[in-house]
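J.: For reference, the chains in residue letters:
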Amino acid sequence: MLQNTEFDAVVQEIAENYRGNREICYNCMDRHFPNRGAIIGIIKDLRRVLFPRYFGDDGVTNARPEYFIGCELDHLQDELRSQVREALLFEDPIWVAAELNERTNQVVDAFLKKLPEIQRILLTDVQAAFDGDPAAQSKEEIIFSYPGFFAVFVYRLAHELYLQKVPLIPRIMSEYAHDHSGVDINPGADIDEYFFIDHATGVVIGETTKIGKHVKIYQGVTLGALSTRAGQGLRGVKRHPTIEDNVTIYSNASVLGGETVIGEGSIIAGSIFVTSSVPPYSRVSAEAQKLLIRQGSEPTSPGAFEEV
Amino acid sequence: MLQNTEFDAVVQEIAENYRGNREICYNCMDRHFPNRGAIIGIIKDLRRVLFPRYFGDDGVTNARPEYFIGCELDHLQDELRSQVREALLFEDPIWVAAELNERTNQVVDAFLKKLPEIQRILLTDVQAAFDGDPAAQSKEEIIFSYPGFFAVFVYRLAHELYLQKVPLIPRIMSEYAHDHSGVDINPGADIDEYFFIDHATGVVIGETTKIGKHVKIYQGVTLGALSTRAGQGLRGVKRHPTIEDNVTIYSNASVLGGETVIGEGSIIAGSIFVTSSVPPYSRVSAEAQKLLIRQGSEPTSPGAFEEV
Amino acid sequence: MLQNTEFDAVVQEIAENYRGNREICYNCMDRHFPNRGAIIGIIKDLRRVLFPRYFGDDGVTNARPEYFIGCELDHLQDELRSQVREALLFEDPIWVAAELNERTNQVVDAFLKKLPEIQRILLTDVQAAFDGDPAAQSKEEIIFSYPGFFAVFVYRLAHELYLQKVPLIPRIMSEYAHDHSGVDINPGADIDEYFFIDHATGVVIGETTKIGKHVKIYQGVTLGALSTRAGQGLRGVKRHPTIEDNVTIYSNASVLGGETVIGEGSIIAGSIFVTSSVPPYSRVSAEAQKLLIRQGSEPTSPGAFEEV
Numbered sequence: 001m002l003q004n005t006e007f008d009a010v011v012q013e014i015a016e017n018y019r020g021n022r023e024i025c026y027n028c029m030d031r032h033f034p035n036r037g038a039i040i041g042i043i044k045d046l047r048r049v050l051f052p053r054y055f056g057d058d059g060v061t062n063a064r065p066e067y068f069i070g071c072e073l074d075h076l077q078d079e080l081r082s083q084v085r086e087a088l089l090f091e092d093p094i095w096v097a098a099e100l101n102e103r104t105n106q107v108v109d110a111f112l113k114k115l116p117e118i119q120r121i122l123l124t125d126v127q128a129a130f131d132g133d134p135a136a137q138s139k140e141e142i143i144f145s146y147p148g149f150f151a152v153f154v155y156r157l158a159h160e161l162y163l164q165k166v167p168l169i170p171r172i173m174s175e176y177a178h179d180h181s182g183v184d185i186n187p188g189a190d191i192d193e194y195f196f197i198d199h200a201t202g203v204v205i206g207e208t209t210k211i212g213k214h215v216k217i218y219q220g221v222t223l224g225a226l227s228t229r230a231g232q233g234l235r236g237v238k239r240h241p242t243i244e245d246n247v248t249i250y251s252n253a254s255v256l257g258g259e260t261v262i263g264e265g266s267i268i269a270g271s272i273f274v275t276s277s278v279p280p281y282s283r284v285s286a287e288a289q290k291l292l293i294r295q296g297s298e299p300t301s302p303g304a305f306e307e308v
Numbered sequence: 309m310l311q312n313t314e315f316d317a318v319v320q321e322i323a324e325n326y327r328g329n330r331e332i333c334y335n336c337m338d339r340h341f342p343n344r345g346a347i348i349g350i351i352k353d354l355r356r357v358l359f360p361r362y363f364g365d366d367g368v369t370n371a372r373p374e375y376f377i378g379c380e381l382d383h384l385q386d387e388l389r390s391q392v393r394e395a396l397l398f399e400d401p402i403w404v405a406a407e408l409n410e411r412t413n414q415v416v417d418a419f420l421k422k423l424p425e426i427q428r429i430l431l432t433d434v435q436a437a438f439d440g441d442p443a444a445q446s447k448e449e450i451i452f453s454y455p456g457f458f459a460v461f462v463y464r465l466a467h468e469l470y471l472q473k474v475p476l477i478p479r480i481m482s483e484y485a486h487d488h489s490g491v492d493i494n495p496g497a498d499i500d501e502y503f504f505i506d507h508a509t510g511v512v513i514g515e516t517t518k519i520g521k522h523v524k525i526y527q528g529v530t531l532g533a534l535s536t537r538a539g540q541g542l543r544g545v546k547r548h549p550t551i552e553d554n555v556t557i558y559s560n561a562s563v564l565g566g567e568t569v570i571g572e573g574s575i576i577a578g579s580i581f582v583t584s585s586v587p588p589y590s591r592v593s594a595e596a597q598k599l600l601i602r603q604g605s606e607p608t609s610p611g612a613f614e615e616v
Numbered sequence: 617m618l619q620n621t622e623f624d625a626v627v628q629e630i631a632e633n634y635r636g637n638r639e640i641c642y643n644c645m646d647r648h649f650p651n652r653g654a655i656i657g658i659i660k661d662l663r664r665v666l667f668p669r670y671f672g673d674d675g676v677t678n679a680r681p682e683y684f685i686g687c688e689l690d691h692l693q694d695e696l697r698s699q700v701r702e703a704l705l706f707e708d709p710i711w712v713a714a715e716l717n718e719r720t721n722q723v724v725d726a727f728l729k730k731l732p733e734i735q736r737i738l739l740t741d742v743q744a745a746f747d748g749d750p751a752a753q754s755k756e757e758i759i760f761s762y763p764g765f766f767a768v769f770v771y772r773l774a775h776e777l778y779l780q781k782v783p784l785i786p787r788i789m790s791e792y793a794h795d796h797s798g799v800d801i802n803p804g805a806d807i808d809e810y811f812f813i814d815h816a817t818g819v820v821i822g823e824t825t826k827i828g829k830h831v832k833i834y835q836g837v838t839l840g841a842l843s844t845r846a847g848q849g850l851r852g853v854k855r856h857p858t859i860e861d862n863v864t865i866y867s868n869a870s871v872l873g874g875e876t877v878i879g880e881g882s883i884i885a886g887s888i889f890v891t892s893s894v895p896p897y898s899r900v901s902a903e904a905q906k907l908l909i910r911q912g913s914e915p916t917s918p919g920a921f922e923e924v
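Chains as they are written, first to last, in the numbering used here: chain A, 1 to 308; chain B, 309 to 616; chain C, 617 to 924.
Just chain A, with the same shape it has in the complex (with noise of 0.2 Å):
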């Protein structure tokens, strides 16, 4: 074991590195942090709110429905504020107190009002998912169950505090949605209603992206910017594609660039790459790829057949 100097030594240069990097700032008074759980929570209790017999413990009952979601958002606003408040003290930590409060108020006010809107959109999505999926047997599976619709509940959550310019809880909503889905949109994307993403794994869409009514993407699709060395210096730009109605985008295909239009009704092929516009009703396709193949003699030998 550690002789108690050495110890020691870990124990003073990890205080050090506290010391020296204001990410980690153990001691500063002045500094807010949002608390991760307690954001998770909040998603977990409006996902009880808004679908009840799947996600609750609550009994069935013949008590008007009221009373459960007054209590339910009753409860749910005040977290909602507390870390609200958190995230806008991180960004600026010298707010006047009336003055945050009443931040605090319009962002959660306009959240909570967004509420019946946000539940009717995701609605569409189930709509969207079941009409879409001739695997899904069920509406109700697609609510259980499928991760493309879980990343898009928590990304129109995540939408309207990325609007309300909230810090860092938006960012945290969706991670916390991508972990548990393999779908990485990121909340400053703009995406409409009877929205389907199947299979999930792998989506990646970007920041600036903007998304029609009707749209259907499959695994491992990026909706993605072109070069992005130019780093901080993008920030702000538009910088990923926009997607018009009823187009429908299979697996693995790239779209890039903030100039690029789908244009509505369009179909674009697996695993290709768009970085420019087409127009509406295209087809977009590769050049079939050329397959070779050859009949191996000893099929298994090792090392006989590249990866390539």
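Hint data in this document are derived by calculation from the structure and do not stem from the laboratory. The C-beta atom is built at its ideal place from N, Cα and C for all residues, glycine as well. It is possible that part of the hints are untrue.
If we take Cβ atoms under 7 Å as the criterion, some of the chain C residues that face chain A in the derived model are [unchecked claim]: (1) Arg669; (2) Asp725; (3) Pro750; (4) Glu757; (5) Gly798; (6) Ile909.
Take the given structure of chain A and dock chains B and C to it, following the hints.
T.: What follows is chains B and C alone, placed relative to chain A:
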């Protein structure tokens, strides 16, 4: 903060959404739903029974394992029975009680009887992973930590319930595995023994896929359907490929279509698209991509290179 | 419900599987296994020590951080010691007690001494993510929520234990990170500072990969092996590429092979395959894919367009 009347309006609108949508249906005494948390608990219990030293809190003991197994299975069958009952009632709320009990028992009994065989097949999957992965240091490492093995474990359970036509539960199970492995195996797929998925993330295996023995696939492989714009019109049709014995499919390849058969012993190269059948012992690759290599005078100048 | 004799038969068969398979081996008093839950607990504790304001419940305080760090590390080293001991005994059950203690202490002491340096390097990874991602609004957002950063955090811990040849634990750690980030970094990989993985999902970095400073990679990138049909025959051989300083690899590109070196300052375009070395400051892309764009008269007719 919201005025009382504003808050009431939000509550009211959400309640209206409840009332107007059968999927939500807060007050419907006639609707039954399985419990997602309980189903995940059943998966974890089954993992403890089949691989007790890995996922249990069970200490080492000299007692006969029959005590442990019998006790666990007895508890587990009750849990499963109650979830299956709810799932059957979800699909059809007007079961006659005696018939519902009989059907529930049929399902659960068949499932229990299949468990020893599932365990045996899972051990072949462990063997396949060990034989196929030079980075594997022991079979135990695979059981403990390989996400591809976890996905196959859950698939083999869910598939039995799918065969018994249990609604909702198989998909809830497979999406739980999807969340924790990045592998989306539809419970309807038919997968034989010695199956290995290396690196796991991004694999999609569709509902009507058929896979033989000793098949090995890598991350990002899609065994999928051709155009699915027909949506629900395609339910029940074979839309996904057949992969015969001893086939290897490298990373990010896609094999698509219900009539596509990959003959036994074939090797499919990475990142290619296969949409028609290939005979046994084929080695399928694409013409080498012509790479363009330029030398950059200012290698990191922003925007000088596009992502495509 | 199953008859007693049928139930007994199931129990009996599972018990036989236990008896016949060393991997399961329920009654083996001589076999040791680390505890997966305890190992995940150690990861979480380490995260609290290295980034206390983010993942801890620790309130802001004026007390010297040494108290917090010393207390946490003292607890954590006991936990780690007991898991390392189990892992060493798993590999070889006939350790002499004194030698086992000495080896365990060597491992844990070396790990503890490395922690301040790991923390320092992680802060360079945060800086790289902030500099490289125009959507990042603060460094704190990265620590809180970026899955690529979480994967690199766990990798840097697991790698130290891998270097000390601890069995099982490094892989359990890396697969925990894989689960929560979609990034599969084998603990054997050798990755220098200022490393950034954007969007994370689907990245695979093989065991013998070597990565320099200031390297940036995107979602879906594979740094992999060529044919691995030789399986266990390839253990210990360098099978994965070397990526030099200041290289950028865009989304879904694959760089394969143990002799492949990507020279410093190079840029690899998205979705391409690289299986041979490229000199420094290369910009590697593929010939533009020829896209076919047809106009659809009936744009949404089912089956009119194939996924390929």
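J.: Among all the numbered hints in the text so far, which are the ones the structure does not match?
T.: none
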